[in-house]
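In the working numbering, the protein residues as written are 189 to 340.
In short, the hints are calculated from the structure, not lab data. Some hints here could point you the wrong way.
With beta-carbon atoms standing in for the labels, derived distance ranges [to be verified]:
1. Leu-312 - Glu-222: 31 to 39 Å
2. Val-336 - Asp-282: 32 to 40 Å
3. Asn-220 - Lys-333: 21 to 29 Å
Here are the simulated EDC-like pairs of lysine to aspartate or glutamate, each with C-alpha atoms no more than 16 Å apart in a straight line [unchecked claim]:
4. Lys-248 - Asp-290
5. Lys-289 - Glu-317
6. Lys-333 - Asp-283
7. Lys-307 - Glu-274
8. Lys-276 - Glu-246
9. Lys-305 - Asp-279
10. Lys-310 - Glu-274
11. Lys-305 - Glu-260
12. Lys-289 - Glu-274
13. Lys-258 - Glu-222
14. Lys-307 - Glu-322
15. Lys-234 - Glu-274
16. Lys-234 - Glu-246
17. Lys-305 - Glu-337
18. Lys-234 - Asp-245
19. Lys-333 - Glu-317
20. Lys-276 - Glu-337
21. Lys-276 - Glu-317
22. Lys-307 - Asp-282
23. Lys-258 - Asp-294
24. Lys-307 - Asp-279
For glycine and all other residues, C-beta sits at the position ideal for the given N, C-alpha and C.
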Amino acid sequence: PDGFVQAEACNWAHLFYGEDVALLLLENARSNEENIRWMAVAALGKVIDGKLVGLEDEQKIIQALLHSLKDENRYVRSTAAFTLSEQKNPDFLDDFIRLLKDPVDDIRARAVDALGKLKNPKALVPLKELLGQEGNQAILNALRKALVEITG
Numbered sequence: 189p190d191g192f193v194q195a196e197a198c199n200w201a202h203l204f205y206g207e208d209v210a211l212l213l214l215e216n217a218r219s220n221e222e223n224i225r226w227m228a229v230a231a232l233g234k235v236i237d238g239k240l241v242g243l244e245d246e247q248k249i250i251q252a253l254l255h256s257l258k259d260e261n262r263y264v265r266s267t268a269a270f271t272l273s274e275q276k277n278p279d280f281l282d283d284f285i286r287l288l289k290d291p292v293d294d295i296r297a298r299a300v301d302a303l304g305k306l307k308n309p310k311a312l313v314p315l316k317e318l319l320g321q322e323g324n325q326a327i328l329n330a331l332r333k334a335l336v337e338i339t340g
């Protein structure tokens, strides 16, 4: 029960906009409990999307989200991937390319979508490689869309 309460607190923390919200969420993003990490990563996404923190805290959040791409929990990875894809930051190209090898369909789909948004030609080779290996129809459709977004 305590973990549930803490996870819900993470989910709602961004609404309070206190100066310490980033610190609290960053701490919870490293929790031993999966649900707490998941909710903290989701809330960090809301904080960064809402521009509720300064540049220094934003960089800490980005680093935490990048670290979360390697989390053992698929929901933490997926949420971090979605949040980072919304940033459309070309610095994340290699991180999204690595996610193309994730065993979870949803995470591969998020990586494909993110690479399409980045429109970086360096993503063409890994996307085409995945096109020849992928069996999931939804991901194949996303791959085709991403390739069109990149090539025009």
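We went through each hint and held it up to the structure:
no.	hint	in the structure
1	Leu-312 - Glu-222: 31 to 39 Å	35 Å, holds
2	Val-336 - Asp-282: 32 to 40 Å	22 Å, violated
3	Asn-220 - Lys-333: 21 to 29 Å	38 Å, violated
4	Lys-248 - Asp-290	24 Å, violated
5	Lys-289 - Glu-317	11 Å, holds
6	Lys-333 - Asp-283	20 Å, violated
7	Lys-307 - Glu-274	13 Å, holds
8	Lys-276 - Glu-246	15 Å, holds
9	Lys-305 - Asp-279	13 Å, holds
10	Lys-310 - Glu-274	19 Å, violated
11	Lys-305 - Glu-260	26 Å, violated
12	Lys-289 - Glu-274	20 Å, violated
13	Lys-258 - Glu-222	13 Å, holds
14	Lys-307 - Glu-322	21 Å, violated
15	Lys-234 - Glu-274	11 Å, holds
16	Lys-234 - Glu-246	12 Å, holds
17	Lys-305 - Glu-337	7 Å, holds
18	Lys-234 - Asp-245	13 Å, holds
19	Lys-333 - Glu-317	15 Å, holds
20	Lys-276 - Glu-337	13 Å, holds
21	Lys-276 - Glu-317	22 Å, violated
22	Lys-307 - Asp-282	13 Å, holds
23	Lys-258 - Asp-294	15 Å, holds
24	Lys-307 - Asp-279	12 Å, holds
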